[in-house]
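*Asks:* Here are the chains, one letter per residue:
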Amino acid sequence: MVDSIAPAPLPTPAPTTGTATMSERSRARREMLLVLVKRPAFIIGLIVILGWIVCAVLGDKITPYDPFNAFFLPGHQPPSAQHLFGTDRLGRDVLSRVMVGSRDVLVVAPLAALLGVGVGTLLGLVMGYYRGIVDDILSRVVEAFLALPVILVALLTLVVLGSSSIVVVFVVGLLFAPIVARTVRSAVLSERQLDYVTAAKLRGETGLFILSQEIFPNVLGPTVVELTVRFGYAIFTVATLSFLGVGLQPPSPDWGLSVSQEYANMIAGVWWPTLFPALAIASTVIAVNLNADSLQSVLNE
Amino acid sequence: MARFIARRLVLALITLWLLATIVFIITNVLPDNVGRTILGPFAPQETVDALNERLGTNRPILIRYVDSLRGLVTLDFGNSFVSGKAVLPQVVGAVGRSAKLAGLALLITIPISIAAGLYAARRRDRTADRAIVLLGVTLSSIPEFVTGTILVVVVGVQLGWLPVLATAPETADIPTQIRFLLMPAIAMAIVYFGYIARMTRAGTIEVLQSDYTRTALMKGLTTGQTMRRHVLRNALVPTVAVIAVQIGYLFGGIIAVEKIFNYNGMGSTMLFAAQHKDLPMLTAGVIVIGLVYMLATLTADLIMAWMNPLIRMDTER
Numbered sequence: 001m002v003d004s005i006a007p008a009p010l011p012t013p014a015p016t017t018g019t020a021t022m023s024e025r026s027r028a029r030r031e032m033l034l035v036l037v038k039r040p041a042f043i044i045g046l047i048v049i050l051g052w053i054v055c056a057v058l059g060d061k062i063t064p065y066d067p068f069n070a071f072f073l074p075g076h077q078p079p080s081a082q083h084l085f086g087t088d089r090l091g092r093d094v095l096s097r098v099m100v101g102s103r104d105v106l107v108v109a110p111l112a113a114l115l116g117v118g119v120g121t122l123l124g125l126v127m128g129y130y131r132g133i134v135d136d137i138l139s140r141v142v143e144a145f146l147a148l149p150v151i152l153v154a155l156l157t158l159v160v161l162g163s164s165s166i167v168v169v170f171v172v173g174l175l176f177a178p179i180v181a182r183t184v185r186s187a188v189l190s191e192r193q194l195d196y197v198t199a200a201k202l203r204g205e206t207g208l209f210i211l212s213q214e215i216f217p218n219v220l221g222p223t224v225v226e227l228t229v230r231f232g233y234a235i236f237t238v239a240t241l242s243f244l245g246v247g248l249q250p251p252s253p254d255w256g257l258s259v260s261q262e263y264a265n266m267i268a269g270v271w272w273p274t275l276f277p278a279l280a281i282a283s284t285v286i287a288v289n290l291n292a293d294s295l296q297s298v299l300n301e
Numbered sequence: 001m002a003r004f005i006a007r008r009l010v011l012a013l014i015t016l017w018l019l020a021t022i023v024f025i026i027t028n029v030l031p032d033n034v035g036r037t038i039l040g041p042f043a044p045q046e047t048v049d050a051l052n053e054r055l056g057t058n059r060p061i062l063i064r065y066v067d068s069l070r071g072l073v074t075l076d077f078g079n080s081f082v083s084g085k086a087v088l089p090q091v092v093g094a095v096g097r098s099a100k101l102a103g104l105a106l107l108i109t110i111p112i113s114i115a116a117g118l119y120a121a122r123r124r125d126r127t128a129d130r131a132i133v134l135l136g137v138t139l140s141s142i143p144e145f146v147t148g149t150i151l152v153v154v155v156g157v158q159l160g161w162l163p164v165l166a167t168a169p170e171t172a173d174i175p176t177q178i179r180f181l182l183m184p185a186i187a188m189a190i191v192y193f194g195y196i197a198r199m200t201r202a203g204t205i206e207v208l209q210s211d212y213t214r215t216a217l218m219k220g221l222t223t224g225q226t227m228r229r230h231v232l233r234n235a236l237v238p239t240v241a242v243i244a245v246q247i248g249y250l251f252g253g254i255i256a257v258e259k260i261f262n263y264n265g266m267g268s269t270m271l272f273a274a275q276h277k278d279l280p281m282l283t284a285g286v287i288v289i290g291l292v293y294m295l296a297t298l299t300a301d302l303i304m305a306w307m308n309p310l311i312r313m314d315t316e317r
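One line per chain: the protein sequences are A and B, in this order. Per this note's numbering, the very first residue in the first sequence carries number 1; after that it's consecutive. Per this note's numbering, the very first residue in the second sequence carries number 1; after that it's consecutive.
Some clues are possibly wrong.
Residues from chain A that keep clear of chain B, each with C-beta distances beyond 12 Å, as calculated [what the hints assert, rightly or not]:
hint: 1; residue: I53
hint: 2; residue: K61
hint: 3; residue: Q77
hint: 4; residue: L106
hint: 5; residue: R140
hint: 6; residue: R192
hint: 7; residue: L208
hint: 8; residue: P217
hint: 9; residue: Y233
Simulated coverage check for chain A against chain B, where a stretch passes if three residues somewhere in it have a Cβ under 8 Å from a Cβ of chain B [what the hints assert, rightly or not]:
hint: 10; segment: 85 to 97
hint: 11; segment: 148 to 154
hint: 12; segment: 267 to 275
hint: 13; segment: 284 to 294
Keep in mind the hints are simulated off the structure, nothing from the lab. Fair warning: this is a prediction, and the values are worked out from it, not measured in the lab. Positions of the beta carbon are idealized from the N, C-alpha and C atoms, including for glycine.
The shape of chain A in the complex, shown without the other chains (with noise of 0.2 Å):
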C-alpha cells in the first residue's frame, strides 16, 4: 500500500509516505520504547495492569474461594487467615470478588476510551483542518459539552437509556470525544502551516489524502498520549457511575459497584468490604496515568 501511493516527481521536503521515511518513523517508534521501559513508574504501571488483566481472564480458576457464591455463613467476617479479605454482606469472599472484579471494567473502559478518542481525533481532524465555518459551528458544539460534568451527563443519559454495560461505553465514550476532538484540533492547527501540508496541497492531493496520509501520522503521538489519558479517565468514570448505581449492574463483581454496596455498614466498623475494592481502584487509575505520564514526557523529549 504505501508504495503504490508515493507520489511521484514533485520533491516533497517533509514526511510523506515513502518507505525511507516509514522505515525511520518504526526506529523512532523502538528508541522511544527503549526509554520508556528504562522508566520506573512505567513498569510498575504495567506489571499493575497485567497482573489484573491475569486475574481478570483467569477469574475464578486462581481465586481461593467461588466469587458468586455464599458460603452460608453469617456475612461480614472480619479479615482471617481464611478469608484474607474477610467476607461481605452475603459471605462470599472479598479477596475472590476483589480479584475478579476487574473483568468488566477492563473491557468497558478501553472501549469508551477508544471510542471516544475515535470519534474526537475524527472531529478534531475536520475542525483544524477545514477551519470556517465548519470548524466555527463544532467548536461551540464542543465548548458546550465541556460546560457540562462529564459524570452528571452520563448520569441523565443512563437514566433516559437504561444502563447495561454497552450503554455505559457509548455514553462514556462520546462524551469524552469533545475534549480528544480540542486537543487533536490544536494539533492539527500547529502542523497544517508546515511545508508538507503545502507541498501535497500543491500537488493537488485530496481533503481526505492529506488528512488521513500526511497529517494523521504526524498527530499521531498526542492522539496515543490522549488514548491512554481518557482511558485512566474511563475506568474513574465507569466506577464512579457504577458507584452511582447506573454503571455496571449486579452481580457484577465490579469494584465501584461492590463498595456502592457496602459503604453505608463502614460506619459499623464494616471496613473490609469496602476498602479492599476502594484500594483496587486506585491502584487501577494510579498504574495507567503513571503509563499515560510516562508516554507523554517521552514524547515531549
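Given the structure of chain A, go ahead and fit chain B onto it with the hints provided.
*Replies:* Chain B alone, transformed into the frame defined by chain A:
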C-alpha cells in the same frame, strides 16, 4: 475591555443555547416514548399515555423544543415528577448547600496546590519537583468516592478524628459545621491538587525562562521581588483558567462525595431524581451546573484579561 466582555457574553449565550439543546436531545429525542421510559416496560399502555398527556410529551418534538427554550428564558423548568413542586427553587437550594462544600474544598486545595506548583517549578527536575509531579498525577487519578472511602475508614472510623457524616446538627455553629464538612471537602480537594499544582508549575517554568525574568534579575532585583512583580502575575494565568474549569467539574465529583458522606446537596438531589426518573429535576440540575461552569470561566477570563493585557487585545477567538 467593554468589547472583550460583550464578546464573551455573546459566546456564553450561544453556549448556553447549545447546552440546553444537548440536554433536550438527551431527554426528549433519545427515548422514543418519554412516558414509557419513566414508567418502565411493564406499565400498562393507558398509564403511559396518561403520563405523556400530563407531561405534554405526546406533542410534536418541535413544539416541545420551543417550549423548553421558553422555559429556559423564563426560568421555568417545570414541576418535579416526584414532589409536584417547581424544580428550580429546589435545585438552587441544593446548589447553595453544595457550594459550601465545594467552596471549602477549593479553599483547602488552591493555596496548597499553588504553593506546591511554585516550589516544584523553582526546583525543577530535582527530587522535590519529581515527587510533587508524581504525587499530583497519582492523586488526581483516584475517583473522589475512593478517596472518600479511604478517608472514612482511616480518619473517621479507625482514628475517630472527624465525623463520618457531613451534615451537622441543625443548631450547630459555624466551626462545627466546618468540622463536619472537612472530610468530604478534603476528599474533593485531593483530586484537584494535581491539576492546579501541575498548571502552576508549567506556567511558572515558562515565565522563569523568559527574557523579562532574566532582565529583572540582571537589573538587580532580588528573587523575591522578581517573583512578586514579574513572575507570579504571568505564571498564574493558566492556573486561573484551570481552577475555573475545575469549578464546573467539582459538581460532577460532588455527586459521589455527597453519597458517601450522606450530605443533602446537589449530588443527593440529582441522585434521588435519577432513581425516580425525575427528568425535569435532572434537566434543571444539568443546566444550572452548566451555568455555574460558564460563570466561573467567564470570571476567569476577566481575571486573566486583567492579569495580562495581551489577552484583552487578542480578539481572534
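*Asks:* Next, verify each hint and record whether it holds.
*Replies:* Against the structure, the hints:
1. Every CB of chain B lies more than 12 Å from the CB of I53(A), the least distance being 18 Å, so the non-interface label holds.
2. With 12 Å as the threshold on Cβ separation, the claim that K61(A) sits away from chain B holds: the shortest Cβ distance comes to roughly 28 Å.
3. Look at Q77(A): its CB is around 17 Å from the nearest CB on chain B, clear of 12 Å, so calling it non-interface holds up.
4. No Cβ of chain B approaches the Cβ of L106(A) within 12 Å, the least distance being about 16 Å, so the stated non-interface status holds.
5. The non-interface label for R140(A) is inconsistent with chain B: the shortest C-beta to C-beta separation is roughly 6 Å, within 12 Å.
6. At the 12 Å boundary, the C-beta of R192(A) stays outside the reach of chain B, the nearest C-beta of that chain being 16 Å off.
7. With a minimum CB-CB distance of about 26 Å to chain B, L208(A) clears the 12 Å threshold, and the non-interface call stands.
8. Every CB of chain B lies more than 12 Å from the CB of P217(A), the least distance being 27 Å, so the non-interface label holds.
9. Y233(A), annotated as away from the interface, has a beta carbon of chain B within 12 Å; the closest lies near 8 Å.
10. Taking a C-beta to C-beta cut-off of 8 Å, the segment 85 to 97 of chain A contributes 0 residues in contact with chain B, too few for the three needed, and the coverage statement is violated.
11. Restraint check on the segment 148 to 154 of chain A versus chain B: 6 residues with Cβ-Cβ distances below 8 Å, three needed, restraint holds.
12. Counting residues of the segment 267 to 275 of chain A whose C-beta lies closer than 8 Å to any C-beta of chain B gives 5; at least three are required, and the coverage claim holds.
13. Given as covered by chain B, the segment 284 to 294 of chain A passes the check, having 6 residues with a CB less than 8 Å from a CB of that chain where 3 are the minimum.
Hints 5, 9, 10, counting from the list given before, are not met by this structure.
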